[in-house]
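Basically our numbering = 1-based index in the sequence shown + 4.
Don't take each hint at face value.
[Stated by the list, open to error] Derived DSSO-like pairs (lysine-lysine); straight-line CA-CA distance at most 30 Å: (1) Lys130 <-> Lys86; (2) Lys358 <-> Lys280; (3) Lys479 <-> Lys106; (4) Lys450 <-> Lys410; (5) Lys529 <-> Lys509.
[Claimed, not checked] Label-pair ranges, simulated between beta-carbon atoms: (6) Asp338 <-> Arg449: 26 to 36 Å; (7) Thr522 <-> Glu616: 44 to 54 Å; (8) Lys567 <-> Gly441: 42 to 52 Å; (9) Thr514 <-> Lys563: 58 to 68 Å.
These aren't lab readings, by the way, just hints derived from the structure by calculation.
Since the model is a prediction, treat every value here as computed from it, not as a measurement.
Built from N, CA and C at the ideal position, the CB exists for glycine as well.
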Amino acid sequence: KPFQRWKPFTKEKLGMRLLKLLIDSTGMVAINVSRMNRKSHKSVVASDSTLDWIEKFNGKKELMRPFLMPTVDRPNPYVSPKNNIDYVGKFWIMKARNSECKHALAYGDMTQTYAALNVLQATPWKINNTMRKLVEALFLQDKSIGKLVGREYKIPLPERPSDIDTNDDSRKAWRRKARVVYKDNIGETSKKLLTYKCLSVAELLKDNDFYFPYQIDWRGRTYAVPSFLQPQGTDVAKSLLQFAEGTILDSSGAFWMAVHGANLWGFDKVTFEERKAWVEDNYQQIERCALDPLGTEWWRQADEPLQFVAWCMEWAKYADSPAGYICHTPVAMDGSNNGLQILSLLTRDEDSGKSTNVTPGPLPEDIYADVANTVRKVMQSKLDGDEDVEKCAYWLNFEFDRKVTKRPVMVLPYGGTLHSCVDYVTLWHKEQLVERGLEEPEDYRKLNWFMAKEIWHAISKEIDRPVKLMEWMHKVASMFGKKNLPIKWVTPTGLPVVQIYRDSKLNQITTKLGYALTMWVNVEKDTMSVRRHRNGFSPNFVHSLDGSALHKATLLASKGGVKSFAMIHDSYGVLPSQVDIMAAACRLSFSEIFSEDQIGRLKVNLEQQLGEQLPEVPDFGTLTPQDVRESEFFFS
Numbered sequence: 005k006p007f008q009r010w011k012p013f014t015k016e017k018l019g020m021r022l023l024k025l026l027i028d029s030t031g032m033v034a035i036n037v038s039r040m041n042r043k044s045h046k047s048v049v050a051s052d053s054t055l056d057w058i059e060k061f062n063g064k065k066e067l068m069r070p071f072l073m074p075t076v077d078r079p080n081p082y083v084s085p086k087n088n089i090d091y092v093g094k095f096w097i098m099k100a101r102n103s104e105c106k107h108a109l110a111y112g113d114m115t116q117t118y119a120a121l122n123v124l125q126a127t128p129w130k131i132n133n134t135m136r137k138l139v140e141a142l143f144l145q146d147k148s149i150g151k152l153v154g155r156e157y158k159i160p161l162p163e164r165p166s167d168i169d170t171n172d173d174s175r176k177a178w179r180r181k182a183r184v185v186y187k188d189n190i191g192e193t194s195k196k197l198l199t200y201k202c203l204s205v206a207e208l209l210k211d212n213d214f215y216f217p218y219q220i221d222w223r224g225r226t227y228a229v230p231s232f233l234q235p236q237g238t239d240v241a242k243s244l245l246q247f248a249e250g251t252i253l254d255s256s257g258a259f260w261m262a263v264h265g266a267n268l269w270g271f272d273k274v275t276f277e278e279r280k281a282w283v284e285d286n287y288q289q290i291e292r293c294a295l296d297p298l299g300t301e302w303w304r305q306a307d308e309p310l311q312f313v314a315w316c317m318e319w320a321k322y323a324d325s326p327a328g329y330i331c332h333t334p335v336a337m338d339g340s341n342n343g344l345q346i347l348s349l350l351t352r353d354e355d356s357g358k359s360t361n362v363t364p365g366p367l368p369e370d371i372y373a374d375v376a377n378t379v380r381k382v383m384q385s386k387l388d389g390d391e392d393v394e395k396c397a398y399w400l401n402f403e404f405d406r407k408v409t410k411r412p413v414m415v416l417p418y419g420g421t422l423h424s425c426v427d428y429v430t431l432w433h434k435e436q437l438v439e440r441g442l443e444e445p446e447d448y449r450k451l452n453w454f455m456a457k458e459i460w461h462a463i464s465k466e467i468d469r470p471v472k473l474m475e476w477m478h479k480v481a482s483m484f485g486k487k488n489l490p491i492k493w494v495t496p497t498g499l500p501v502v503q504i505y506r507d508s509k510l511n512q513i514t515t516k517l518g519y520a521l522t523m524w525v526n527v528e529k530d531t532m533s534v535r536r537h538r539n540g541f542s543p544n545f546v547h548s549l550d551g552s553a554l555h556k557a558t559l560l561a562s563k564g565g566v567k568s569f570a571m572i573h574d575s576y577g578v579l580p581s582q583v584d585i586m587a588a589a590c591r592l593s594f595s596e597i598f599s600e601d602q603i604g605r606l607k608v609n610l611e612q613q614l615g616e617q618l619p620e621v622p623d624f625g626t627l628t629p630q631d632v633r634e635s636e637f638f639f640s
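Sequences are here, hints too, so could you generate the full structure?
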């Protein structure tokens with residue numbers, strides 16, 4: 005009898021049974037119940053005994069190594085949607101849950117996609133062994149530095165009040181604070197495990213050059229296949245990696261290497277010349293960090309502390325002996341909110357194009373600061389009114405800055421909502437209260453909601469045309485959902501994309517072995533989800549365009565002589581002496597893609613699928629996409 009694939013519900017039911025057996029027979033994991041937004045959420049967490057074992061465990065052993073590893077041999081080039089990795093076997097070029105997405109590849113032109121991935125996975129890498137030893141030493145400490153959490157580090161529980169046994173209010177307040185600490189410590193444990201795994205792989209590969217196989221998701225975004233230690237990883241992971249093939253640090257390379265150091269510190273909202281000058285002004289500090297990183301605190305204040313201290317070591321060695329110095333450091337140039345840059349180019353919107361550095365300007369623009377300033381002005385104007393005076397006074401006295409607006413603005417093109425804005429404001433507010441040693445104000449939730457609403461209104465003012473385009477895409481996606489149709493389009497580099505979001509129903513799975521363990525799982529129906537279609541279309545379309553831009557830029561830079569790439573969606577990394585090549589390739593890629601009317605092309609395609617006319621596209625502005633070629637700070 006031929007093998008029949010199990011249905012998702014059957015697999016989930018078996019998984020629940022196995023989870024129950026794992027809990028009862030080993031005690032390695034436990035079910036944690038937490039509350040968020042007045043709802044209970046269950047998650048599987050490592051038990052206390054497992055955490056104790058992890059803390060004493062030698063992280064270099066095989067149990068800490070991920071299943072999917074970098075390869076010491078160059079990965080086979082893609083010539084079809086399936087490729088072969090020696091230790092995995094055949095695997096698809098695309099990560100997708102729906103088979104329809106993969107089957108659509110047979111009808112597209114995959115030439116550019118194959119070529120770009122083949123270039124990326126031909127990049128040889130090596131471990132920065134100086135950083136490996138430093139990260140190992142830091143890990144043995146009981147401190148937290150960015151994404152690196154020391155093995156012995158734990159956030160202490162709040163001090164128990166003296167009247168906790170007799171005062172209900174006091175007990176509830178303490179438990180509320182303790183619950184937050186407990187939840188944060190679970191997050192810190194995840195960071196510890198990540199560091200263990202990065203160090204384990206780094207130890208294994210410390211004497212080898214190696215490669216990262218790549219694949220795409222169903223929208224065309226590119227991902228390294230291995231987990232944890234990889235070029236798209238955390239600050240810890242990136243600090244441990246170097247290009248295996250370096251180039252001489254010439255005058256151009258030295259300039260961009262200096263800019264890179266300032267960027268890693270967080271001094272990146274000024275001109276490139278000012279960033280270089282910052283490095284020169286701080287050279288004594290940089291040298292001290294390079295000579296004695298364990299005994300120096302300054303580098304720990306950087307935005308990306310571990311990458312920054314790795315840069316300090318490289319820069320100090322270059323400064324000591326610059327003639328013929330060979331550099332292996334990837335230097336990344338990042339987009340200025342790339343999602344909004346894409347929406348600005350799609351709508352030809354000159355205002356949001358200026359705010360996101362799509363168009364040339366003498367200084368780098370900062371849309372996060374622009375939105376924060378707009379919120380501040382509105383709040384100041386309300387102080388003379390009758391409504392929300394106390395809330396405005398609180399926030400103005402709190403002296404907020406661009407950091408409160410960054411995440412809400414950043415995620416808007418990717419499906420951000422007012423509710424997600426509230427979540428980001430709440431997280432920022434909480435971090436600031438802890439940092440300043442302040443208690444939560446009495447109207448904590450109301451204050452967060454008020455700030456989120458003000459930010460949301462300010463965003464709409466700053467980026468009017470992109471918001472209107474997203475609303476148009478919401479309407480179009482709803483029409484497809486109501487007709488029970490997937491949404492299909494082809495990216496500028498020829499990749500067929502199929503958006504399928506089906507309705508689902510909740511099924512209860514209960515496993516009984518001495519006691520009941522219950523889980524609710526989503527089971528997909530045959531009908532399309534109008535809500536998910538609507539919410540997903542705009543961000544997925546934008547993602548498909550940034551995936552195309554990355555592939556096109558990779559191929560253009562490769563033709564220009566670049567051989568080593570560290571590419572992450574909206575961050576393009578190459579050797580410092582080749583930054584000028586990548587900068588030109590990046591701008592040419594976006595210019596060529598968006599000089600075409602991508603929305604007009606999409607509308608014609610969708611009308612053919614739907615069999616009826618779509619609403620008119622909102623009016624475009626006067627921005628000229630070719631201007632991006634002259635924008636110094638487009639990616640910076």
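Consistency of the hints with the structure:
Among the hinted pairs, Lys130 with Lys86 is consistent with the structure: their alpha-carbon atoms are about 27 Å apart, no more than 30 Å. Between Lys358 and Lys280 the alpha-carbon distance is near 24 Å, which keeps this suggested pair within the 30 Å criterion. This hinted pair checks out: Lys479 and Lys106 have alpha carbons roughly 27 Å apart, not beyond 30 Å. Of the supplied pair hints, the one linking Lys450 and Lys410 holds, its CA atoms being roughly 20 Å apart against a limit of 30 Å.
Restraint check: the Cα-Cα separation between Lys529 and Lys509 comes to about 7 Å, which is no more than 30 Å; the hinted pair holds. The hinted range of 26 to 36 Å is satisfied by Asp338 and Arg449, whose Cβ atoms lie roughly 34 Å apart. Distance hint check for Thr522 and Glu616: the Cβ-Cβ separation is about 45 Å, which falls inside the suggested range of 44 to 54 Å. Distance hint check: the CB atoms of Lys567 and Gly441 are about 50 Å apart, consistent with the given range 42 to 52 Å.
For Thr514 and Lys563, the hinted distance range of 58 to 68 Å is satisfied, since their beta carbons lie about 59 Å from each other.
Of the numbered hints given earlier, the model fails none.
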